[in-house]
Amino acid sequence: MIAKIICYALNGLEGVPVEVEADVNKGVPSYDMVGLPDAAVKESKERVRSALKNSGLLFPMNRITINFAPADLKKEGAGFDLAIAVSLLKASEQLLGADVKDIVFLGELALTGDLRPISGLLPILISAKAHGFTRFVIPAENSEEARYLGGAEIYPAHSLGEVVKHLVGVQPILPLDTAEFVPGKGKKGSADLKYVKGQPIARRALEIAVAGGHNLLMSGPPGTGKTMLARCLPTIMPDLSFEEALEITKIHSVAGVLGEEGIVSERPFRTPHHTATTVSMCGGGNRIVHPGEISLAHGGVLFLDELPEYKRSTLEALRQPLEDGKITVSRAGGSFTYPSRFMLCASMNPCPCGNYGSADRICTCTPAEIRRYRRKISGPLLDRIDLQVEVDNITYDDLTSEEVNEDSETVKARVNAARRIQRNRFEGLPINTNAEMGEKEIQEFCRLTREGDKILRDAFDRMKLSARARARIVKVARTIADLDNSEDILPKHVFEAVSYRLYDKLG
Amino acid sequence: MKYTKEERAIIYLSAMSGKDYRSCVSLLLSSQDPATLITEEEDRRAAEYLSELRRRGIFAVTLASDDYPAALKQINDPPLLLYGAGRRELLSRKMFCIVGSRITPPWAEKIGKELSRTLSEQFVIVTGLAEGGDGAAIAGAIESGNLICVLPCGLGQCYPAAHAGLKERILQKGLLLSEYPPDTVAAKYVFHARNRILAGLSEGVLVLSAGERSGALITASRALDYGRDVFALPYNPGISRGEGCNELIKKGAFLVTDAEDILSVYGMESAPRGEEMPEGREGEIVTLLRSNGEMHAAQIATMLGMKIFEATAMLSSLELKGLAVKSGGNKYSAV
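Here the protein sequences come in this chain order: A and B.
Just so it is clear: in the first sequence, position 490 is 493 by the numbering used here, and no numbers are missing.
Just so it is clear: in the second sequence, position 32 is 50 by the numbering used here, and no numbers are missing.
Since the hints were made in silico from the structure, they are not lab data.
Remember, predicted model here, so these are calculated numbers, not experimental data.
Just so it is clear, CB atoms sit at the ideal spot from N, CA and C, and this is done for glycine as well.
Only true hints are included.
Restricting the straight-line Cα-Cα distance to at most 20 Å, the calculated cross-link-like pairs of lysine to aspartate or glutamate (DMTMM-like) are:
id : chain 1 : residue 1 : chain 2 : residue 2
1  : A       : 7         : A       : 22
2  : A       : 132       : A       : 180
3  : A       : 132       : A       : 22
4  : B       : 269       : B       : 221
5  : A       : 329       : A       : 319
6  : B       : 325       : B       : 302
7  : A       : 45        : A       : 75
8  : B       : 112       : B       : 243
9  : B       : 325       : A       : 410
10 : B       : 269       : B       : 279
11 : B       : 339       : A       : 461
12 : B       : 339       : A       : 454
13 : B       : 206       : A       : 372
14 : A       : 314       : A       : 386
15 : A       : 77        : A       : 17
16 : A       : 329       : A       : 246
17 : A       : 56        : A       : 35
18 : A       : 77        : A       : 22
19 : A       : 329       : A       : 250
20 : B       : 206       : B       : 230
21 : A       : 457       : B       : 300
22 : B       : 339       : A       : 456
23 : A       : 197       : A       : 410
24 : B       : 325       : A       : 487
25 : A       : 457       : B       : 297
26 : B       : 325       : A       : 409
27 : B       : 20        : B       : 51
28 : B       : 339       : A       : 464
29 : A       : 48        : A       : 24
30 : B       : 23        : B       : 84
Pair by pair, the computed Cβ-Cβ distance ranges are:
id : chain 1 : residue 1 : chain 2 : residue 2 : range
31 : B       : 45        : A       : 365       : 43 to 53 Å
32 : A       : 365       : B       : 53        : 52 to 62 Å
33 : B       : 325       : A       : 465       : 20 to 30 Å
34 : A       : 386       : B       : 186       : 24 to 34 Å
35 : B       : 209       : A       : 365       : 18 to 28 Å
36 : B       : 286       : A       : 461       : 26 to 36 Å
37 : A       : 471       : B       : 186       : 19 to 29 Å
38 : B       : 189       : A       : 465       : 17 to 27 Å
39 : B       : 189       : A       : 378       : 19 to 29 Å
40 : A       : 387       : B       : 92        : 57 to 67 Å
The task is simple: from the sequences and hints, build the whole structure.
This is the structure:
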């Protein structure tokens with residue numbers, strides 16, 4: 004008898020339906036798998052055999068053939084175990100009366116018959132639902148992330164035994180109830196701007212950067228709180244929408260870094276160490292391509308501490324994803340595209356000894372050394388960082404300004420307001436924030452007053468700014484005007500934008 | 019440009035004979051007419067060398083030349099031969115030297131640039147090609163073209179290499195000088211020798227910035243040896259880039275706060291110039307900066323009761339107007 008069971012394989016972030024066919028025939032006992040299974044799938048033979056036996060079920064001592072269709076797709080991983088086991092049971096007539104049609108079975112088996120969780124479950128469920136499947140049997144440990152799918156019957160099982168009892172109707176499993184998405188629910192970080200002492204200039208730069216989606220570079224002596232400031236970035240970014248959360252969760256699920264709460268409810272903050280390789284940054288792998296740090300930071304912040312210490316090639320590889328918001332990695336096994344729309348936040352020391360501009364220590368570097376240090380960051384990369392700000396270590400004991408200790412919520416409210424203005428402005432366009440504007444949009448939305456234009460011209464002459472720098476200053480000025488709730492870009496907005504350029508002046 | 023046989027003799031002796039400075043000098047002193055010191059063959063080779071130099075746009079000035087700077091002749095070890103490129107006529111003008119250490123605070127650079135600009139109306143400014151103090155002097159004087167840069171290497175080389183573009187501009191507008199044949203690479207020990215030329219050419223030396231052991235101090239002490247005036251910019255006590263300057267002032271150097279302090283020593287006056295003062299809040303910032311010296315942007319904002327980003331915007335406006343300058347760590351000072 005032949006049994007057909009539906010299972011899913013992952014191809015990048017997309018689930019691809021795979022039919023597992025089992026044929027149990029009379030003949031010399033044998034057990035074959037065809038249909039391009041990889042090593043881990045082939046090994047499931049033994050897992051399935053033991054799992055059946057240890058669940059009190061019968062492993063058919065007949066001629067068994069398992070086929071995976073479509074045959075041209077390489078099947079990888081252990082997620083097919085449950086589907087193989089169920090197809091064997093069905094084919095050997097141990098599931099009489101059970102309805103397995105159109106149920107998707109997912110899960111890895113332990114030798115005891117227990118079900119183990121698989122990575123990438125949520126993207127599979129989302130694809131399968133789009134393909135019209137509405138009933139799923141999944142490992143109970145994956146329940147948390149599956150809960151957010153909604154509009155489907157999802158049965159979490161702890162073991163193969165439970166699955167069988169459920170299918171034959173002896174002891175049905177209760178389907179999962181759908182969970183409501185609450186942004187920031189699983190909030191772990193304790194970062195908040197109210198814990199940052201002083202730093203009014205850097206705070207303001209953070210606010211502008213988030214409001215307009217600009218990338219940010221912080222330069223300052225060691226121990227001035229650059230990392231702490233960066234950690235506050237997610238806390239002032241707008242809340243995740245459910246769609247964004249799902250997209251981020253898909254990536255994290257495929258990478259196998261999803262936490263216990265099952266869905267990413269707050270914006271990711273990734274801090275790859277400066278020894279990170281290009282592959283770990285951009286994604287890669289032998290056959291299946293794993294998402295890299297830039298994709299894991301999708302929707303959130305990629306924080307590169309000590310920017311000049313990163314390998315040049317790794318940094319240069321960021322340029323294209325920064326521009327496109329996605330990365331396509333090609334390998335022998337195919338090419339995969341992962342979204343990577345992240346905010347880049349980088350920090351660096353101002354010079355090799357770190358004390359340039361310090362309030363209490365003396366810098367011992369020569370100008371040539373400082374130049375060499377800064378030159379480690381290429382112009383094209385710097386061109387993509389709209390805001391550059393100095394973080395200093397002045398003491399604020401004598402400063403009593405009320406804006407110094409604002410908390411993240413207050414800043415976030417202003418950011419949200421500025422984002423609303425941008426959403427209205429870019430209605431019907433494929434961009435959401437000021438930072439994404441191209442030359443055409445700048446022409447359309449960033450008309451400067453005559454006075455503002457003259458200021459920029461002066462700035463050009465004085466600071467020897469490049470044409471690209473002009474576009475960036477204008478974009479930042481647009482965001483500052485938005486924060487000010489001003490329709491026009493006024494001279495003061497341009498002046499402030501000009502003050503956030505550090506390394507254009509140094510030549 | 020024609021060279022006399024006497025000039026060719028000096029050029030041959032100091033550049034081509036392989037003799038060192040001392041033996042060249044004693045040879046020249048021992049003979050009545052330097053022209054007799056070389057043979058016909060050697061004279062021909064010197065002429066060839068000169069035409070080769072001319073092809074590269076370089077001229078040679080010898081102790082025997084008419085336009086050899088008079089001030090330089092007075093020192094006890096004048097270079098026998100100087101290579102030059104650019105405006106030769108500057109050699110016969112009055113010169114004033116402005117130097118400073120490579121790390122010069124931005125405010126001092128700004129002042130140095132202004133001083134250099136004003137002084138270049140009456141003097142030819144002499145300096146090196148390094149960044150910092152030298153850079154400020156160049157930036158001020160290059161507009162008028164009354165600028166001589168003395169290189170520590172041959173004219174075909176550039177030290178520091180990063181200033182190759184600047185060197186080209188000076189070549190267009192001013193004059194480059196060097197004691198060394200065009201392809202000589204800078205060595206550590208030549209800076210002392212170069213500094214003696216800086217001091218020797220000039221009527222006076224202004225030191226913009228100098229740490230305890232800065233090369234700018236060597237130029238100043240050479241100037242004293244040669245009986246030239248020494249001027250220095252005053253610093254707050256405890257600022258590491260200013261110890262040398264304060265030390266010079268203690269020992270009797272002229273304290274300089276504006277160009278008048280220098281010009282009056284030479285009985286000159288600068289052309290009067292109206293100073294613009296911005297209106298409103300920007301004016302308040304300038305007043306505050308002028309009375310308090312270097313200040314952090316946040317301090318300014320607090321003292322004037324404005325939001326920090328309003329203050330940074332105005333400061334950046336003042337910066338573009340040339341009235342304030344930003345140093346490291348978000349600090350600003352008036353100019």
